[in-house]
Amino acid sequence: MSLHADVEEILLDSETVAARVAELGAQLASDYAGRDPVLVSVLKGALVFLADLMRTMDLPTSIDLMEVSSYGAATESSGQVRILKDLSKPIEGRDVIVVEDIIDTGLTLNYLLGYLADRQPASIRICCLLDKPARRLADIPIDYIGFTIPDRFVIGYGLDYDERYRNLPYIGVLKPSVYGGAPPEG
Amino acid sequence: MTSDSPPRFAHDSEAELARILDYYGVAWRYEPDVFPISWNADGAVIESFAPDFYLPQVDLYIELTTLKQSLVRKKNRKLRYMRQLYPEIRVKLFYARDFKALMLKYGRLDFLTDMAAANGAYAHTGAGINR
Chain A
373 MSLHADVEEI
383 LLDSETVAAR
393 VAELGAQLAS
403 DYAGRDPVLV
413 SVLKGALVFL
423 ADLMRTMDLP
433 TSIDLMEVSS
443 YGAATESSGQ
453 VRILKDLSKP
463 IEGRDVIVVE
473 DIIDTGLTLN
483 YLLGYLADRQ
493 PASIRICCLL
503 DKPARRLADI
513 PIDYIGFTIP
523 DRFVIGYGLD
533 YDERYRNLPY
543 IGVLKPSVYG
553 GAPPEG
Chain B
252 MTSDSPPRFA
262 HDSEAELARI
272 LDYYGVAWRY
282 EPDVFPISWN
292 ADGAVIESFA
302 PDFYLPQVDL
312 YIELTTLKQS
322 LVRKKNRKLR
332 YMRQLYPEIR
342 VKLFYARDFK
352 ALMLKYGRLD
362 FLTDMAAANG
372 AYAHTGAGIN
382 R
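Sequence lines, in order, name chains A and B. Here the numbering used here is used: the first residue of the first sequence is 373, the next is one more, and so on. Here the numbering used here is used: the first residue of the second sequence is 252, the next is one more, and so on.
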């Protein structure tokens, strides 16, 4: 069965996404000219965005990947967020650009920013493809935003539902029937 | 963060939100402040608003409304007065749909099932999300 059949609406088509990613890459290359930033992404959703973004940056860069536990996957009822995969190299003195797919509540990123700051980088900036501010629970200073989107359940371009749909080339809204209820946006 | 003895939450959704905030290390206080919003002719307070949570790190109050629509309307009215009287106070209303989306995001569909059973409002399948 086609993945596309589960998409209620294409929110951002692949051409629109690609054009905006190229703009972000050019902006980053300009802002970081003469420097050698490290792009840090959080698995898994940001992978596609990271891969496309870094290829639009005419700049010497390196990348690193982290994985952070999610509340919903916590087995214990009173657990705390954990780093499942840490940085592979120190970032002390480096210019760090956190590359995120989507910022919603901001809770994970808020934790991650504190964790990264403790490693004493020269600077930390945030570049996210999608900003969904409606349910923000943490103040996140986002420096580069691809698109500000409405409060819809989006998939594709790395974003998943139950590990599926990451390979859709566009950002789409998932049909509520897939998760079996009324749409989260009401 | 929470105090040593957890507060007595009025609703399971409030306890769940507290667990999420704890998980991500976000400090919170439960119903720490009461804001008068209506007074009688003698100046006595006849109506007030006590948001469910206060997040000191972001200076934000949160009110959860996962209840029936008539009560949501009442809360909306209170929030309107609150914003008129205390414009410097940041309050965010989390509607049932917002809370459901949060549960969906964290794959806590089992919790939604329990809520649905309690409210008769929401059904779902069994998958989760792993962004």
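The set of hints was computed from the structure by calculation and includes no laboratory data. It is possible that part of the hints are untrue.
A short list of chain A residues far from chain B (calculated; beta carbon distances all over 12 Å) [what the hints assert, rightly or not]:
#1 443
#2 512
#3 523
Just the calculated beta-carbon pair ranges, DEER-fashion [said to hold, decoys possible]:
#4 462/A to 324/B: 52 to 58 Å
#5 324/B to 452/A: 22 to 28 Å
#6 454/A to 307/B: 22 to 28 Å
#7 432/A to 336/B: 53 to 59 Å
#8 451/A to 307/B: 49 to 55 Å
#9 491/A to 335/B: 31 to 37 Å
#10 398/A to 298/B: 51 to 57 Å
#11 486/A to 296/B: 35 to 41 Å
#12 276/B to 462/A: 38 to 44 Å
#13 307/B to 407/A: 24 to 30 Å
#14 324/B to 427/A: 40 to 46 Å
#15 423/A to 334/B: 26 to 32 Å
These figures come from a predicted structure and were not determined experimentally. From the three backbone atoms N, C-alpha and C, an ideal C-beta is built for every residue, glycine too.
Query raised in the report: Out of the numbered hints, which ones does the structure contradict?
Result: 1, 2, 3, 5, 8, 9, 12, 13, 14 and 15
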